Amino acid sequence: MAQPLIIAVPKGRILAEALPLLAAAGIRPEPAFTDKDSRALRFATDVPGIELIRVRAFDVATFVAHGAAQLGIVGSDVLSEFGYSELYAPVDLKIGHCRISVAEPAAMAESDDPRGWSHVRVATKYPHITSRHFAARGVQAECVKLNGAMELAPTLGLAPRIVDLVSSGRTLKENGLVEVEVIEEVTSRLVVNRAAMKTRAQVVPLVEAFRRAVAEKEAA
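Positions in the sequence shown are counted from 1; adding 50 to them yields our numbering.
Hints may contain errors.
What the hints assert, rightly or not - For lysine to any residue, the following SDA-like pairs were computed, each having C-alpha atoms within a straight-line distance of at most 25 angstroms: (1) 248 x 136; (2) 61 x 216; (3) 61 x 96; (4) 144 x 74; (5) 195 x 149; (6) 175 x 225; (7) 195 x 249; (8) 195 x 140; (9) 144 x 262; (10) 144 x 159; (11) 144 x 208; (12) 86 x 106; (13) 86 x 74; (14) 175 x 248; (15) 61 x 199; (16) 144 x 56; (17) 144 x 62; (18) 61 x 84; (19) 61 x 134; (20) 86 x 97; (21) 223 x 206; (22) 86 x 115; (23) 248 x 55; (24) 248 x 233; (25) 144 x 229; (26) 223 x 171; (27) 195 x 233; (28) 223 x 159; (29) 61 x 97; (30) 175 x 187; (31) 61 x 95; (32) 144 x 115; (33) 175 x 208; (34) 86 x 129; (35) 248 x 140.
Hints were generated in silico from the structure; no laboratory data involved.
Owing to the predicted nature of the structure, the values given are computational and were not obtained by experimental measurement.
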């Protein structure tokens, strides 16, 4: 019996935007997928031989890169951070718009000029993106790795600045922080395991289906 084709989708805010694209590409998950009480992580779809797994956004890239899933939906921030050579990102899905930014306390920002920085200490879950960005500017970056609650770092003295995803900016504002520099704009991408693209016949037609779904959404 052939192994099912597995698509990894992220938990959280991107999922709501991804589901209509999945449907437009002809893939709808079983009802349990939208059951808030369900603890299941793997789901059937209305396409025989295609299943979905729901995992943390950062883990989508890992599942697909290592071949545990053949396709996935993941933010370009994750691709930039991990740089997996096993991944191919053929379609910008044009969802999950946000940015990776440097932020600091509003009081500090009043007299601070990023152009004058020579050394920075930042809390972030993006140490590779952060280091590359500052190295390109000739700034030495000391990164404190956190997986969440980044906004607490400046107020509790862990690091005076943070590098994090910003969407509306509301969370920064509520924690007394302001953006002082945008590192990169972020959207979600369809990613494919390179080996699976060559060996699994369903993959290329699926990529084309997603490409059409994005084009139709943009044209609407």
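Taking 25 angstroms as the top limit, are the C-alpha atoms of residue 144 and residue 262 close enough? Judged against 25 angstroms, a Cα distance of about 13 angstroms means the pair holds.
Does the structure keep residue 248 and residue 55 at a Cα separation of 25 angstroms or less? holds (13 angstroms)
Residue 61 and residue 95: Cα distance at most 25 angstroms? Given that 25 angstroms is the threshold and the Cα spacing comes to 17 angstroms, the pair holds.
Check whether the Cα positions of residue 223 and residue 159 lie no farther apart than 25 angstroms. holds (13 angstroms)
Restraint status (C-alpha distance of residue 61 to residue 199 at most 25 angstroms): Holds - the C-alpha atoms of residue 199 and residue 61 are around 18 angstroms apart, at most 25 angstroms.
For the pair supplied as a hint, residue 175 and residue 225, confirm whether the alpha-carbon distance does not exceed 25 angstroms. holds (18 angstroms)
For the pair we were handed, residue 144 and residue 74, check the Cα-Cα distance against 25 angstroms. It holds: about 14 angstroms lies between the C-alpha atoms, which stays within 25 angstroms.
Under the criterion that the straight-line Cα-Cα distance not exceed 25 angstroms, is the pair residue 248, residue 140 satisfied? Between residue 248 and residue 140 the Cα gap is close to 14 angstroms, so the pair holds against 25 angstroms.
Restraint check for residue 144 with residue 115, where alpha carbons must lie at most 25 angstroms apart: holds (22 angstroms)
Taking only the CA atoms, is the gap from residue 195 to residue 249 under or equal to 25 angstroms? Not OK: residue 195 and residue 249 at ~37 angstroms, beyond 25 angstroms, violated.
Between the alpha carbons of residue 86 and residue 115, is the straight-line distance 25 angstroms or under? Distance of about 28 angstroms is beyond 25 angstroms: violated.
Proposed proximity, residue 149 with residue 195 (alpha carbon, max 25 angstroms): holds (19 angstroms)
Comparing the model with each earlier hint shows violations of hints 7, 8, 10, 11, 14, 22, 24, 34; every other hint is respected.
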